[in-house]
Each structure stands twice: as C-alpha cells, then as structure tokens.
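Model the full structure from these sequences, guided by the hints.
Heads up: take any position in the sequence shown, counting from 1, add 32, and you land on our numbering.
Any given hint could turn out to be false.
Keeping only pairs whose Cα atoms sit at most 25 Å apart, straight-line, the calculated SDA-like set for lysine to any residue is [what the hints assert, rightly or not]:
#, residue 1, residue 2
1, 218, 244
2, 78, 46
3, 218, 199
4, 218, 178
5, 218, 205
6, 56, 129
7, 56, 152
Just so you know, these hints were derived from the structure itself, not from any lab.
Since we're looking at a predicted model, the values are computed, not measured.
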Amino acid sequence: MNHRLIDQVMNRDVVRTGPAASFKEVADLLARHGVGGVPVVDGDDKVLGVVSETDLLLRQAAREDPPHRQNALLSWRPRRSRGTGARGRTARELMSSPAVTAGPRQTVTEAARVMASHHVERLPVVDDEGRLMGIVTRSDLLSVFRRSDAAIRDEIIEDVLVRTLWLAPHTVGVTVDDGVVTLTGKLRRRSEVPIAVRLAGRVDGVVSVTDRLAYQEDDSHLRPTEQALHGIAEAWLRKI
33 MNHRLIDQVM
43 NRDVVRTGPA
53 ASFKEVADLL
63 ARHGVGGVPV
73 VDGDDKVLGV
83 VSETDLLLRQ
93 AAREDPPHRQ
103 NALLSWRPRR
113 SRGTGARGRT
123 ARELMSSPAV
133 TAGPRQTVTE
143 AARVMASHHV
153 ERLPVVDDEG
163 RLMGIVTRSD
173 LLSVFRRSDA
183 AIRDEIIEDV
193 LVRTLWLAPH
203 TVGVTVDDGV
213 VTLTGKLRRR
223 SEVPIAVRLA
233 GRVDGVVSVT
243 DRLAYQEDDS
253 HLRPTEQALH
263 GIAEAWLRKI
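Written out as structure tokens, the structure is:
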C-alpha cells in the first residue's frame with residue numbers, strides 16, 4: 033500500500049517572511065494572505081522558524097501584563113527562542129524556533145503524528161539542506177478523507193486483498209459508505225481476519241472498518257509461528 037506523501041498534498045506557493053520583518057509587517061502579511069502562520073527564512077531560503085498569529089497575540093498579551101503573568105503566558109510555548117517575549121519586534125524575535133518541519137517523502141500519516149505531538153497547525157516542508165519547498169497544514173492532511181468511496185474500495189481490493197493478502201478479488205466483499213468500510217465473506221483462517229481488517233483500516237481515507245468476515249478454519253489454538261506456516265507471516269505484514 034502506498035500512503036499519500038507530503039509532496040502530493042503540500043502547497044508549493046508558500047507565503048514567507050525574512051527574519052528582519054517587523055511585527056506590523058508580519059501581521060499585515062498574515063491578514064493579506066489569509067494564513068495563520070508563515071515560515072521565517074534566511075537569504076538562502078533555509079527555514080529559521082515559524083511565526084504565527086499565536087506568537088503575535090502572546091507578544092501583545094505579554095506587553096499588557098505584569099512580569100509574573102508574562103512568564104505564565106510564555107510558558108505556554110515551550111519552543112520559544114531565548115530573548116523573545118514582550119520586547120520582540122521582529123520575526124526573528126517572535127518566531128518559534130527551531131521550526132518543526134517535514135520532508136517531502138514523508139507520509140501524510142507521519143506528518144499528522146508530528147503535528148499532533150508538537151501541537152502545531154502547519155509544517156514547512158524542507159529539502160535535505162533545510163531549504164523551503166512548500167508547506168502543509170492540517171486541512172491539507174485531512175484532504176485524504178475527501179477521497180471518493182470508489183477510490184478507497186478499489187485500493188482495498190487491489191492493494192490489500194490481491195497484492196498483499198494474495199486473495200482472489202471476489203473472495204471478500206468490500207463496500208464503502210462515506211469512508212466507512214464493511215468487509216464481508218469468508219477467509220480460510222481465523223488469524224487472517226484481523227489482518228485484513230487492520231490493513232483495510234490503514235488505507236488513506238478510511239474512517240473505520242466494520243468486520244463481518246467469517247472463516248473456514250479456526251487456527252487460534254496454534255502458536256504464532258505455526259499460524260505463519262499455515263498462512264501469512266505476521267512479522268512480514270508489520271513491515272508493510
């Protein structure tokens with residue numbers, strides 16, 4: 033199965049700014065282009081950080097509050113560079129740094145994990161030397177869920193059932209309704225049922241999988257190594 037890659041969903045026309053841009057210039061840039069944040073790049077187009085609406089709001093909030101409240105505000109942002117805060121006036125002083133980035137050949141799933149773990153809404157996409165290639169947002173990643181039901185069904189049949197599980201195309205019935213997949217039919221072994229369900233669930237655009245599969249042979253009493261000899265090796269499938 034081929035998961036969608038970042039370079040298939042990213043925006044290549046990236047709004048960016050330089051490190052010397054003023055607070056007002058950055059605010060105007062965000063408003064003019066209707067974006068929530070922009071990469072800060074140097075003269076070689078290498079990403080230094082990201083400045084967002086949140087960064088600007090934190091700076092303004094910190095100016096209005098006494099020092100003990102400023103510290104509490106800035107604690108919300110663990111990646112803030114040294115020397116920034118209420119005195120920040122340029123993109124370099126305001127930006128989050130180092131930037132959390134993605135590579136063009138990472139999968140959409142991997143990028144989603146990075147966004148979630150770092151609590152960011154956008155990832156600059158960079159090449160091997162750190163130069164800006166594009167940007168991917170949460171809405172870009174969610175685009176895989178706009179795939180048609182027919183496309184999802186075709187991929188499950190061709191990539192999961194035929195190429196991965198080596199089944200005849202009509203061994204398992206596959207229906208897809210608004211991204212919800214239902215699998216019906218009868219597999220040869222019980223141990224193959226959860227494998228088919230798990231692999232179908234990993235197809236891009238699948239919301240959930242309903243398991244209505246039956247089986248001919250109950251091999252649950254066998255040890256995993258014996259199951260592998262009778263069917264598909266679980267260790268091999270984990271590499272897919």
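Consistency of the hints with the structure:
no., hint, verdict
1, 218 to 244, "9 Å, holds"
2, 78 to 46, "13 Å, holds"
3, 218 to 199, "11 Å, holds"
4, 218 to 178, "30 Å, violated"
5, 218 to 205, "9 Å, holds"
6, 56 to 129, "20 Å, holds"
7, 56 to 152, "23 Å, holds"
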